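Heads up: the sequence shown begins at 4 in the working numbering, then just goes up one per residue.
Everything labelled a hint here was simulated from the structure, so no lab data went into it.
Since the model is a prediction, treat every value here as computed from it, not as a measurement.
Among the hints, a few may not be true.
[As the list claims (entries may be wrong)] Beta-carbon label-pair distances, calculated as ranges:
{"no.": "1", "residue 1": "Glu182", "residue 2": "Asn268", "range": "23 to 31 Å"}
{"no.": "2", "residue 1": "Ser72", "residue 2": "Asp156", "range": "24 to 32 Å"}
{"no.": "3", "residue 1": "Asp156", "residue 2": "Thr178", "range": "14 to 22 Å"}
{"no.": "4", "residue 1": "Asn268", "residue 2": "Ser167", "range": "29 to 37 Å"}
{"no.": "5", "residue 1": "Lys200", "residue 2": "Ser160", "range": "25 to 33 Å"}
{"no.": "6", "residue 1": "Gln161", "residue 2": "Lys68", "range": "19 to 27 Å"}
{"no.": "7", "residue 1": "Pro180", "residue 2": "Glu77", "range": "16 to 24 Å"}
{"no.": "8", "residue 1": "Lys121", "residue 2": "Ser72", "range": "37 to 45 Å"}
{"no.": "9", "residue 1": "Pro269", "residue 2": "Lys71", "range": "32 to 40 Å"}
{"no.": "10", "residue 1": "Asn268", "residue 2": "Lys202", "range": "32 to 40 Å"}
{"no.": "11", "residue 1": "Lys71", "residue 2": "Thr166", "range": "32 to 40 Å"}
{"no.": "12", "residue 1": "Asp125", "residue 2": "Gln87", "range": "17 to 25 Å"}
We put the beta carbon where it would ideally sit given N, CA and C, even for glycine.
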Amino acid sequence: MKINHFSVLTFAVSPIMVTSFSQTSRSLSKATQLSIWGAGNRFSIDKNPISVLFSAMKGESLAEKVLKSPKWPEEWPYSEQDFQRMDESNDGIFYNQPRLVYHIDDSAVEALTEYYSKTFSDGEDVLDICSSWVSHFPPGWKGNNVVGLGMNDYELSQNEQLTSYDVKDLNDDPTFPYEDNCFDKVTCVVSIDYLNKPKQIFAEIGRVLRPGGTCMLAMSNRCFPTKAFQIWLQTNDLEHIFIVGSFFHYSGLFDPAKCDDISPNPGLSDPMYVVSATKKA
Numbered sequence: 004m005k006i007n008h009f010s011v012l013t014f015a016v017s018p019i020m021v022t023s024f025s026q027t028s029r030s031l032s033k034a035t036q037l038s039i040w041g042a043g044n045r046f047s048i049d050k051n052p053i054s055v056l057f058s059a060m061k062g063e064s065l066a067e068k069v070l071k072s073p074k075w076p077e078e079w080p081y082s083e084q085d086f087q088r089m090d091e092s093n094d095g096i097f098y099n100q101p102r103l104v105y106h107i108d109d110s111a112v113e114a115l116t117e118y119y120s121k122t123f124s125d126g127e128d129v130l131d132i133c134s135s136w137v138s139h140f141p142p143g144w145k146g147n148n149v150v151g152l153g154m155n156d157y158e159l160s161q162n163e164q165l166t167s168y169d170v171k172d173l174n175d176d177p178t179f180p181y182e183d184n185c186f187d188k189v190t191c192v193v194s195i196d197y198l199n200k201p202k203q204i205f206a207e208i209g210r211v212l213r214p215g216g217t218c219m220l221a222m223s224n225r226c227f228p229t230k231a232f233q234i235w236l237q238t239n240d241l242e243h244i245f246i247v248g249s250f251f252h253y254s255g256l257f258d259p260a261k262c263d264d265i266s267p268n269p270g271l272s273d274p275m276y277v278v279s280a281t282k283k284a
């Protein structure tokens, strides 16, 4: 079934939104600058979209290099301001209207489903957070306890891949209504930038995953800008990967995170990155 992903008002976060350290330093706190670039720009993320495109043409991915040897500050480097949003009104109002559409284009959807087909095993228990009417899981995959945790009851009720679901606003209360060590995988598709309490969210992901379980966060460059947290809008795709990798790191519950660049047609369709980490045994 073809879905027009432009049926909803989402915007691409341009890879050239951040062009230099000096430009960004006017809007980000010193601690946040350090978290993204490392002291003295030691991290050296190449933010030039032309570099990204030419690397893809050569069969390389700058995105996959971002988490190879990150320079993490010793302590959590983010401020409360970094996670503020343009629209701080009740999220239940924003998500009250069902949106039975894709939020990424068809090629990106297919790439994500193919990725899941290579990483999922039959019989696994999976939690899909920020879930909706579709989870993009492989059509032939046979999960065991497949749970959706999202904001819209009707959307979740239409998701045929779920065995059950719960409606909850994680920005109001970031605790998951599940027991410890009960899932093999936790997934989240193009929504991590809407969760404004990442410290608590990643602690909860680690709590509900079984030791050796994996969290997979699929990310693109589209979002509802009024609901995405501030630092996301001020940074680009590569920096998003670094930021999400840092969330895993500072939780203390996961092995080092990695990024898989599964973008199907670089420069021609929506990019798709999966940042994942395994819970420590």
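Status of the hints after comparison with the structure:
1. As the Cβ distance of Glu182 to Asn268 is approximately 41 Å, the hint placing it in 23 to 31 Å is violated.
2. With their beta carbons about 44 Å apart, Ser72 and Asp156 fall outside the hinted range of 24 to 32 Å.
3. Between Asp156 and Thr178 the CB atoms are about 19 Å apart, so this pair conforms to the stated range of 14 to 22 Å.
4. Under the hint 29 to 37 Å, the C-beta atoms of Asn268 and Ser167, about 36 Å apart, fit the expected range.
5. In this structure the hint that Lys200 and Ser160 lie 25 to 33 Å apart at CB holds, the actual value being about 26 Å.
6. Taking the beta carbon of each, Gln161 and Lys68 are about 39 Å apart, not inside 19 to 27 Å as hinted.
7. Roughly 34 Å separates the CB atoms of Pro180 and Glu77, a value that falls outside the hinted 16 to 24 Å.
8. Range check, Lys121 to Ser72: Cβ separation about 25 Å, and the 37 to 45 Å hint is violated.
9. Separation of Pro269 from Lys71 is about 19 Å and departs from the stated range, judged on CB atoms against 32 to 40 Å.
10. One distance hint, 32 to 40 Å for the beta-carbon pair Asn268 and Lys202, holds here, with the actual separation near 35 Å.
11. The hinted range of 32 to 40 Å is satisfied by Lys71 and Thr166, whose Cβ atoms lie roughly 37 Å apart.
12. Judged by the Cβ atoms, the range 17 to 25 Å given for Asp125 and Gln87 is violated: they are separated by roughly 42 Å.
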